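There are 2 protein chains.
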Amino acid sequence: MVKADEYTLESVRESLIRQEDTIIFSLIERARFPLNSPTYERNYSSIPNFSGSLFDFILHQTEDIQAKTGRYMNPEENPYEEKLSPSIVSHYNFSQFLYPAAASININKKIRKVYFNNILPLFIAFGNDGNYAQTAANDLSILQAISKRIYYGKFVAETKFRKSQCEYEPLIRAKDRKALMNLLVDKRVEEIVLKRVEKKAMVFGEEVSIDSKIKGKYKVDPSIVYNLYNKWIIPMTKDIEVEYILRRLD
Amino acid sequence: MVKADEYTLESVRESLIRQEDTIIFSLIERARFPLNSPTYERNYSSIPNFSGSLFDFILHQTEDIQAKTGRYMNPEENPYEEKLSPSIVSHYNFSQFLYPAAASININKKIRKVYFNNILPLFIAFGNDGNYAQTAANDLSILQAISKRIYYGKFVAETKFRKSQCEYEPLIRAKDRKALMNLLVDKRVEEIVLKRVEKKAMVFGEEVSIDSKIKGKYKVDPSIVYNLYNKWIIPMTKDIEVEYILRRLD
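Note that the protein sequences, when read in sequence, are chains A and B. For the first sequence, the UniProt record's numbering gives the first residue as 1, with consecutive numbering after it. For the second sequence, the UniProt record's numbering gives the first residue as 1, with consecutive numbering after it.
These are calculated hints, taken from the structure and not from any lab test. Check before you lean on any hint, since a few could be wrong.
Derived PhoX-like pairs (lysine-lysine); straight-line CA-CA distance at most 25 angstroms [to be verified]: (1) B/Lys219 with A/Lys195; (2) A/Lys148 with B/Lys199; (3) B/Lys199 with A/Lys217; (4) A/Lys199 with B/Lys199.
Every value quoted in this text rests on a predicted model; they were computed, and no experiment measured them.
Can you make the complete structure from the sequences, with help from the hints?
Following this line, the structure appears as C-alpha cells:
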C-alpha cells in the first residue's frame, strides 16, 4: 500500500473509495445464505475448551491465524479479539503514520453489536441451509471490511490535523468536541459517498446477462447500503476521527 | 440451498451463474494487493511444527477451522487439504444427490497448480506491501470459489445422467470418453458463459463514480476472466463431468 509520507487526504480518500467495493462485495456474498441462526447460538455445538457460538469460535480462530501471519502488524488493520497469538512473520516496515497515543482507540464492541442487531437483519432472509461455517466466514469478511473503513477515520483525522494544525490545536486543548466535529466533517463529501455507495450496490448487485442488465432486481437492496453508510459507517467513522483528534496532543 | 430433488439442470445452472460473481469478486479483491511473494516462500517465516509457506499454513489452518465447523459436510464443498479435523457441528440433513462411488473425484493438486502458475501471474502486479496474511486469505477465497465451480461439474453430470440415462449407459460401459464428452458438452451454453463472465468482469471491475462509469479501466482485465474460464475453469469442469460419469455405474 502506502508508506509514511504517502498518506495524504487524497490517498486516504482513494482507499476509502476502494474499501466501498470490498464492503459491498462482502454484503452481496453474505446474502447468498439465509440467516442461519444456529451460527450465532451460544453452545449450539459442543466445542472443547470454548464457550460461545460457532461465529465466536470462527472469529477467534481466524483472527488468531491472521495475527500469527502478521495481519495486525499493519496499522490499518484492527482485530476484534483482544487475546491473539504474536506474529511469526519476519518484520515488514509498515509506515507508522498515526500518532501513537491516539492510535489505540477501539469501538469493536459497538461495531459488532451494530452489525448483528441493526445491519444483518435488514438484508438477510430468514431460513437455515446448514452452511454455518460459510455464513460465519462471510460475516467476518463484512466485519473486517467495515472495521477497516471505520478505523480509517484515524488516518483521515491525522491527515487533516497535519494540514491545519493551528486550527485544531486550540479546539483540542479546549476539548471542544462539537467544534472539532464541525472542522473534521465535510458534508459535501458525505453526500457524494452516500450517492456513490448506493450506485455501487446497484451496479455490483444487478443480475448481469449478456443481452442487457436485468434492472431493478438487486442482490442487496441499494437503499440498505445507503442507510448502512448514513446511519452507521459514516457516524462511527466521525466518532473515531473526533476521539483520535482529542488525543492528538497527549 | 437446495434439497435432494431440487437439483435440476436449471437450478445447477443458476448456481453456476451465481458462482461467477463470487469468482470475479474474489479476483478483484486479490488484485488490491501486489504479488507479495514472501507469502509463497517455503520457510519464509519459522512456524513451529510446520514446514511450508505462509500460504500453506493459512490454507491448512483455515480449512481445519471450516472442517470443524461443518463446511465440508455439504457435498458442494471440497477442501484442498486431506487431513482435517472432524466436524463438531450438529448434524444437518444436506441432500445426498451425487452417486457415492463417483462423488470422491478430486483434482485439487491440478487446480492449485493452475491457480499459482497460470492464473495469479496474469492479473497481479509485482511488488511487496507486507500484507501477506490478507494476500493468502484472498488467494484462498479464489481457490475455494474456483474449486466449488469445478466440482459442481459432478452435479451437472448427475442431472444430465438422470435425464438421459439410456443414452449414457452404453457409453459408460464402453468407457467411451470422447462420446461421453460430446454428450455432456453444450457449446452454445459455453459461449454464453464466456461472454457473460467477460461482461461481469467489466461491470464489477469498473470504477463507479456518481456521474458516470469510468469506461475502459478495470480492476481485473475482463479478457483475463474470459481466458480463465475458457482455458481452465470450463475444461476442468468438463473433465470432472466425464470422470464422474465414467464411475456412475460402479
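Subject >> Given hint lysine 199 of chain B paired with lysine 148 of chain A - CA-CA distance at most 25 angstroms >> reply: 30 angstroms, violated
Subject >> Holds or violated: lysine 219 of chain B to lysine 195 of chain A, with C-alpha atoms at most 25 angstroms apart >> reply: This hinted pair holds, its Cα atoms lying about 21 angstroms apart.
Subject >> Agreement of lysine 199 of chain A and lysine 199 of chain B with the hint, judged by alpha carbon distance not exceeding 25 angstroms >> reply: 18 angstroms, holds
Original post:
Does the alpha-carbon distance linking lysine 199 of chain B and lysine 217 of chain A stay inside the 25 angstroms limit?
Top reply: Status holds; Cα separation ~18 angstroms.
When held up to the earlier numbered hints, the structure conflicts with hint 2 and nothing else.
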